[in-house]
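S.K.: Read off the chains here:
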Amino acid sequence: MGPLSILSQFPEWINLLIALFIGVGFGFALEQAGFSSSRRLAGMFYGYDTTVLKVFFTAAIVALVGSQLLSFFGLLNLKLVFVNSYYMNATIIGGVIMGAGFIMGGYCPGTGISALSIGKIDAMIFLLGGLVGAFLFAETYSSIQMIFLGNYKGEMRIDEWMGVSPGVFTFILIVAAVLLFWLAELSEKRFSRPDITSEI
Amino acid sequence: MNARIKFSVLLIGLGVILAFLPFSTAKSFQLKPDELLLKSVSDSIYFSVDQVARFINNEDTTFQLIDVRSTEQFKSCNIPGSINIPFNDFSNPKWEVYLNQKGLKNIYYGNGEQTASYAWTISTGLNYGDNFIMKGGLNEWYNTIMLSQFEGENITPRENALFENRFNARKVFTQINSLPDNLKKNYFKAKHLLASKLDGGCE
Amino acid sequence: MEQLKSLGYIFLFLVIIMVLVIVRSINPNLFKQDPGKAIEATQNNSNSITWAQLKALNDHYLLINLGSGGKFDSVKVKNSMNISIENLLDKINRTILNESKDEIILYSGDESTTAKAWVILNQLGYKKLFILAPEENPEAFIYIFQPDTTARLENDSL
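Residue numbers (my numbering), protein chains in the order written: chain A, 1 to 200; chain B, 1001 to 1203; chain C, 2001 to 2158.
The reader is advised that the hints may include incorrect statements.
[Unchecked claim] Calculated lysine to any residue pairs in the SDA-like style (CA-CA distance at most 25 angstroms, straight line):
1) A:Lys79 x C:Gln2053
2) C:Lys2128 x C:Val2077
3) B:Lys1032 x C:Leu2121
4) B:Lys1032 x C:Ala2041
5) B:Lys1075 x B:Met1146
6) B:Lys1039 x C:Trp2051
7) B:Lys1135 x B:Gln1101
8) C:Lys2128 x C:Trp2051
9) A:Lys79 x B:Leu1037
10) C:Lys2037 x C:Gln2053
11) C:Lys2127 x C:Leu2012
12) B:Lys1075 x B:Asn1182
13) A:Lys79 x B:Tyr1128
14) C:Lys2032 x B:Asn1100
15) B:Lys1006 x C:Leu2012
The set of hints was computed from the structure by calculation and includes no laboratory data.
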């Protein structure tokens, strides 16, 4: 069970089983939040449906608050938690490509699989496209390696970069989240499209 | 007052508590004070210079010698095979990958025991792997391995083994430390490669 | 009414978390410092006190000998007390350390013991904590290594 310091002695198969349950839970949560609907996902960009923002931001904040509290009480060893290496070029270019794909296709990889599981054909094609993209990346890696590995910043954490403690950063993020939720509500009223339902 | 407002109140309340957390457990020692003290008073955290000499002669790769002196002192002479982590730079995150290797035992040494003991305590407190101290430091190494001679008429087998151990370690120390700097590194890489080929194992 | 009740539950939850946080913060049996501070304090021997400086303090210090088994080891200095290293964190001794307003100076016959005790106490938050410097610098290299330029590796089989 990862870096939870009280449960560090589990054999490999129990870790994998727990990972399976967590995955099942995640898929279930995505589906019941309605993320298999490409209309709902695209609504984030047009402003008429901001469920994506609320769900994912809430998840991030629960994880942040939970990990900070568990670490404070000595139950979670934050040093063992993986922090992504930050390659600035790759992140920006990848973000642009993914954003374009998201608004065009109406899915992102995780929600694409969730939609695939209920049998949607457009999700199937979307994921196929994703696999083709990954294949092309691997094939052209030698030529794009320099761009991909450029501007390496190490394992950056925002709170270290800002020079504040993780607790203060969590508070700032929570305040930002509450403001954004309120703005999202306003946006839904302003850009509402009653003709688009998330029925499918 | 709907669910959103309740949820926001809960989150902001937790955020305020977190913003005022008095200390960061992520950076401080992972062990409890009495656990750390218990480990410190045990004799099993020390290796004698003869034991370290044997590890070097056997090219035992389960141990990692860590020299906590400054870079200049390390360059002038060091125990072959050791890596240099100057104690002044100990908190630099780049050393964590060397200090925290699973299955590898760290043996700290300085000229005496003081700096090595500081390093041992911090490393053990942060729960980095298995840590040990070389008793007496490099001064003791020099005194025992480099300078000791057998005096007397008859030598027992045990004494013979001891002196042979010291003599081999002395040879390695002198030869490696007499190499020009750029050759020192290459030498040990090559030796390890040779040894692993002889082993015939998979790794 | 219903809404106030659920808000009440939220506040109750927050109060519980706050109490747990406060309890953990005042727990004396926890390391709370940043190890980097300990490393900084040892640089340039700034955590050491020489005999001359000791005399200058005019008995305004708490000198502790860390000999084990309740016995002094090495020199017994005037105005010093013995706390065995094994009993360093016992309640009585912690009280003595907490109540001291002066500098706390550690020493023993074994520089390794003193060094370890210093780090542990430093990380528990004791501020005016020092080590009594021995006569010779323990970290000086007392030998000179002479490189043997005639050594030829290829002639010896190692």
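S.K.: None of the hints should be skipped; say for each whether it holds.
M.R.: Cross-check of the supplied hints:
| no. | hint | result |
| --- | --- | --- |
| 1 | A:Lys79 x C:Gln2053 | violated (41 angstroms) |
| 2 | C:Lys2128 x C:Val2077 | holds (19 angstroms) |
| 3 | B:Lys1032 x C:Leu2121 | holds (12 angstroms) |
| 4 | B:Lys1032 x C:Ala2041 | holds (22 angstroms) |
| 5 | B:Lys1075 x B:Met1146 | holds (18 angstroms) |
| 6 | B:Lys1039 x C:Trp2051 | violated (30 angstroms) |
| 7 | B:Lys1135 x B:Gln1101 | holds (22 angstroms) |
| 8 | C:Lys2128 x C:Trp2051 | holds (17 angstroms) |
| 9 | A:Lys79 x B:Leu1037 | holds (23 angstroms) |
| 10 | C:Lys2037 x C:Gln2053 | holds (23 angstroms) |
| 11 | C:Lys2127 x C:Leu2012 | violated (37 angstroms) |
| 12 | B:Lys1075 x B:Asn1182 | holds (11 angstroms) |
| 13 | A:Lys79 x B:Tyr1128 | holds (11 angstroms) |
| 14 | C:Lys2032 x B:Asn1100 | holds (21 angstroms) |
| 15 | B:Lys1006 x C:Leu2012 | holds (13 angstroms) |
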